[in-house]
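Number of protein chains: 2
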Amino acid sequence: MAKLPPDEVLLMGPGPSPVHPRVLEAMSWPTLGHLDPEFLTIMNETMDLLRFVFQTRNRLTLPISGTGSAGMEAALVNFIEPGDRIIVCVNGVFGTRMADIVGRCGGVLIEVKAEWGRAIDPDDVEKALDDNPGVKAVCIVHAETSTGVLQPLEPVVELAHDRGALVVVDTVTSLGGIPVKVDDRGLDVVYSGTQKCLSCPPGLAPLTVGDRAMELFGKRSSPVQSWYLDLGMLTKYWGKERVYHHTAPVNMIYALHEALALIEEEGLEPRFERHRVNSAALVAGLKAYGMSLLPPEEERLPSLTAVLIPDGVDDAEARKKLRFQHGIEIGGGLGDYKGRLWRIGLMGHGSRRENVERALRAIGAVLNDLGHKCSADEALAEVDRVYRTAG
Amino acid sequence: MAKLPPDEVLLMGPGPSPVHPRVLEAMSWPTLGHLDPEFLTIMNETMDLLRFVFQTRNRLTLPISGTGSAGMEAALVNFIEPGDRIIVCVNGVFGTRMADIVGRCGGVLIEVKAEWGRAIDPDDVEKALDDNPGVKAVCIVHAETSTGVLQPLEPVVELAHDRGALVVVDTVTSLGGIPVKVDDRGLDVVYSGTQKCLSCPPGLAPLTVGDRAMELFGKRSSPVQSWYLDLGMLTKYWGKERVYHHTAPVNMIYALHEALALIEEEGLEPRFERHRVNSAALVAGLKAYGMSLLPPEEERLPSLTAVLIPDGVDDAEARKKLRFQHGIEIGGGLGDYKGRLWRIGLMGHGSRRENVERALRAIGAVLNDLGHKCSADEALAEVDRVYRTAG
Numbered sequence: 001m002a003k004l005p006p007d008e009v010l011l012m013g014p015g016p017s018p019v020h021p022r023v024l025e026a027m028s029w030p031t032l033g034h035l036d037p038e039f040l041t042i043m044n045e046t047m048d049l050l051r052f053v054f055q056t057r058n059r060l061t062l063p064i065s066g067t068g069s070a071g072m073e074a075a076l077v078n079f080i081e082p083g084d085r086i087i088v089c090v091n092g093v094f095g096t097r098m099a100d101i102v103g104r105c106g107g108v109l110i111e112v113k114a115e116w117g118r119a120i121d122p123d124d125v126e127k128a129l130d131d132n133p134g135v136k137a138v139c140i141v142h143a144e145t146s147t148g149v150l151q152p153l154e155p156v157v158e159l160a161h162d163r164g165a166l167v168v169v170d171t172v173t174s175l176g177g178i179p180v181k182v183d184d185r186g187l188d189v190v191y192s193g194t195q196k197c198l199s200c201p202p203g204l205a206p207l208t209v210g211d212r213a214m215e216l217f218g219k220r221s222s223p224v225q226s227w228y229l230d231l232g233m234l235t236k237y238w239g240k241e242r243v244y245h246h247t248a249p250v251n252m253i254y255a256l257h258e259a260l261a262l263i264e265e266e267g268l269e270p271r272f273e274r275h276r277v278n279s280a281a282l283v284a285g286l287k288a289y290g291m292s293l294l295p296p297e298e299e300r301l302p303s304l305t306a307v308l309i310p311d312g313v314d315d316a317e318a319r320k321k322l323r324f325q326h327g328i329e330i331g332g333g334l335g336d337y338k339g340r341l342w343r344i345g346l347m348g349h350g351s352r353r354e355n356v357e358r359a360l361r362a363i364g365a366v367l368n369d370l371g372h373k374c375s376a377d378e379a380l381a382e383v384d385r386v387y388r389t390a391g
Numbered sequence: 001m002a003k004l005p006p007d008e009v010l011l012m013g014p015g016p017s018p019v020h021p022r023v024l025e026a027m028s029w030p031t032l033g034h035l036d037p038e039f040l041t042i043m044n045e046t047m048d049l050l051r052f053v054f055q056t057r058n059r060l061t062l063p064i065s066g067t068g069s070a071g072m073e074a075a076l077v078n079f080i081e082p083g084d085r086i087i088v089c090v091n092g093v094f095g096t097r098m099a100d101i102v103g104r105c106g107g108v109l110i111e112v113k114a115e116w117g118r119a120i121d122p123d124d125v126e127k128a129l130d131d132n133p134g135v136k137a138v139c140i141v142h143a144e145t146s147t148g149v150l151q152p153l154e155p156v157v158e159l160a161h162d163r164g165a166l167v168v169v170d171t172v173t174s175l176g177g178i179p180v181k182v183d184d185r186g187l188d189v190v191y192s193g194t195q196k197c198l199s200c201p202p203g204l205a206p207l208t209v210g211d212r213a214m215e216l217f218g219k220r221s222s223p224v225q226s227w228y229l230d231l232g233m234l235t236k237y238w239g240k241e242r243v244y245h246h247t248a249p250v251n252m253i254y255a256l257h258e259a260l261a262l263i264e265e266e267g268l269e270p271r272f273e274r275h276r277v278n279s280a281a282l283v284a285g286l287k288a289y290g291m292s293l294l295p296p297e298e299e300r301l302p303s304l305t306a307v308l309i310p311d312g313v314d315d316a317e318a319r320k321k322l323r324f325q326h327g328i329e330i331g332g333g334l335g336d337y338k339g340r341l342w343r344i345g346l347m348g349h350g351s352r353r354e355n356v357e358r359a360l361r362a363i364g365a366v367l368n369d370l371g372h373k374c375s376a377d378e379a380l381a382e383v384d385r386v387y388r389t390a391g
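Those protein sequence lines, which keep their order, are chains A and B.
Following our numbering, the numbering of the first sequence begins with 1 at its first residue and continues without gaps.
Following our numbering, the numbering of the second sequence begins with 1 at its first residue and continues without gaps.
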């Protein structure tokens, strides 16, 4: 029998992240009808708030009624028709997933690879664009959740736009924690998830689409293969027409509205800075334990730290101790990094000094238990130094 | 600015329906990781509870991470390959939607129609099966939310199975309020939504798939066109393998678990009986107001009553008064019935005598306001007679 309500666990894995109490409360507000005038106001405000965090004025900015992966699928199926040449940048699980979906759309897949744990090299994107004239879209992951890599976007956008290709960007682990700047960077189609730096439970996928992409959407010669994710119908439900499409997940939208309102109250820049500082503190502590980070410094996500497990420490045993003796969840590695990597999230409401310190103490205790000798006091002194430097 | 938290509205439209307070509370339980051992137990129990309400032993019984329409899409895209001949029974909005999706799958669509407000005639299904040898599936709506029609399923199942065709059934507005009996009736693929007779907020789509359908799924020659809804991967996440697919909407699943537990506590038969009696009472009251029901008596849903608006009464004005003067939402008509029909739901937690009486009083007041003279006292006397007869 499940223990209900469940115990509170400090979520420091790759997501879901800790949910702000105000957001949890919003989950249980009275359900309104999905076409109720009051709910339509909430929908409109949610779109405005999403524009704020995406840093865009795109009219088509709304939450897809599914998790981040549904957002990925929506970002692809609406713009890819059979035979379209599509570049997908693959340096982890989520690039791999985009490549899979491109195939299911009948797209001609052109992969640009980097080793897991490294960003994509724009030169490789340029080569692929030059080798394959007429590419319709370049798909890339801003924040690779499987490896903790932050991808610089500007050079890729410039290359793609020079050749008339759209840029489709996965910001699942960056939106709300790291600047996404949709308009400044000219990103064409951008999606995310609610359960990472937005600190909302999983269940919705924010999506924004620019004019260039909408123009291409309007020129489709075949129907979108997904009825549920068809942006033509979704924009008529979320737009002025209010044509019934599906029943929006009303309470999830309350929660997203509240999560976004919290971000507006905090301000984007202070929030990004908070993510940077707490991440630097965590990294300093992990290094004091003699641990190595997977991505090089300039390619590291402030929302998710990918750290190699010290030799001799059993991954499963360590994470079990963290979960059941210390009440903390962290993530393991995927693919080749299974058993070799931990992924430690400091996302949204979870990105706080008290969590950095609590996690480091717990990790220190578990490492010592499992034979990797290290000092929590020394690590916390390093952490303190980071916070004092940051002011 | 939206008023938050929103005021409570009595939801007596075609869904979402009133959510039980215990279910709303479950929405705000602490979010667990989507692969946390405690959450996996909750997932397993949710599958068991779904089997109970679907009345099935199907192993593949799980909630799709999207709303009812995502369930519809999952029920179709996993089983239809380009060129497959598919019969869709169309007598309202949801049959029309299935037909749309079949086309997007590349299926060869064969429509069997009935006028809106009437059930599908099995003779027409038989004719379509005989005219089109090799039909792979017959798709039909058990409870047509757009017209309040209850579809007898047994004759259609027998005809389809005789010809080796699967039966795909939409139970969005029946599951949890009307017997679905997946195993007894031999239904092959059945989906629903959470926001109707399960009395949970919208956001998940329960789905169950039988062995015959799984066997056909295993013989697909092309990948499922939706990555998000691919049952091959979904069963590996929900099954023993626990292979990460997407991040389940954790808090929505708490809510569904709680909603299903409430059904188990009440028992299916008492719950079905409650839906029947309250619906009969509502119908008696509406008739006392001189109103006519759309479907004939034997084809009427106990969960949703479709009633014609009296001549001279303005639909929009009446529903606005109900919503803002009486705090009650009811639904309007769709398609040809726009402006001519009201759809009044008595679903799950909402199917209660106090709601029947409150709605009838409010409707009576509004009808009188708008020039249709009628007596609430007389209607409530009819209602009382129904309850006394039912015991």
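If you are wondering where the hints come from, they were derived from the structure by calculation, not from laboratory data.
Some clues are possibly wrong.
Note that identical chains are pooled: a pair holds if it fits in a single copy or bridges any two copies.
Pairs of lysine-lysine, DSBU-like flavour, derived with a Cα cap of 35 Å [as the list claims (entries may be wrong)]:
no.	residue 1	residue 2
1	Lys3	Lys136
2	Lys113	Lys219
3	Lys127	Lys236
4	Lys240	Lys338
5	Lys3	Lys240
6	Lys338	Lys287
7	Lys136	Lys236
8	Lys219	Lys136
9	Lys181	Lys320
10	Lys287	Lys320
Predicted model, so just to flag it, every value in this text is computed and none were measured.
A quick look at each hint next to the structure:
In this assembly of identical chains, the alpha carbons of lysine 3 and lysine 136 never lie at most 35 Å apart, being 50 Å within a copy and 43 Å across copies at closest. Taking CA atoms no more than 35 Å apart as the test, lysine 113 paired with lysine 219 passes in both settings, with 30 Å inside one copy and 32 Å between copies. In the homo-oligomer, the alpha carbons of lysine 127 and lysine 236 never lie at most 35 Å apart, since the shortest distance is 39 Å inside one protomer and 37 Å across protomers. In the homo-oligomer, the alpha carbons of lysine 240 and lysine 338 lie at most 35 Å apart only across protomers (19 Å), although the nearest pairing inside one protomer, at 48 Å, exceeds that limit.
In the homo-oligomer, the alpha carbons of lysine 3 and lysine 240 lie at most 35 Å apart only across protomers (20 Å), although the nearest pairing inside one protomer, at 44 Å, exceeds that limit. Taking the shortest alpha-carbon separations for lysine 338 and lysine 287, only the intra-copy value of 21 Å comes in at or below 35 Å, while the best inter-copy value is 66 Å. Taking the shortest alpha-carbon separations for lysine 136 and lysine 236, both the intra-copy value of 25 Å and the inter-copy value of 33 Å come in at or below 35 Å. Both within a single protomer and between protomers do lysine 219 and lysine 136 lie at most 35 Å apart by alpha-carbon distance, with minima of 13 Å and 33 Å respectively.
Taking identical chains as interchangeable, the C-alpha atoms of lysine 181 and lysine 320 are never at most 35 Å apart, the minima being 38 Å within one chain and 41 Å between chains. Taking CA atoms no more than 35 Å apart as the test, lysine 287 paired with lysine 320 passes inside one copy only; the shortest distance there is 22 Å, against 63 Å between copies.
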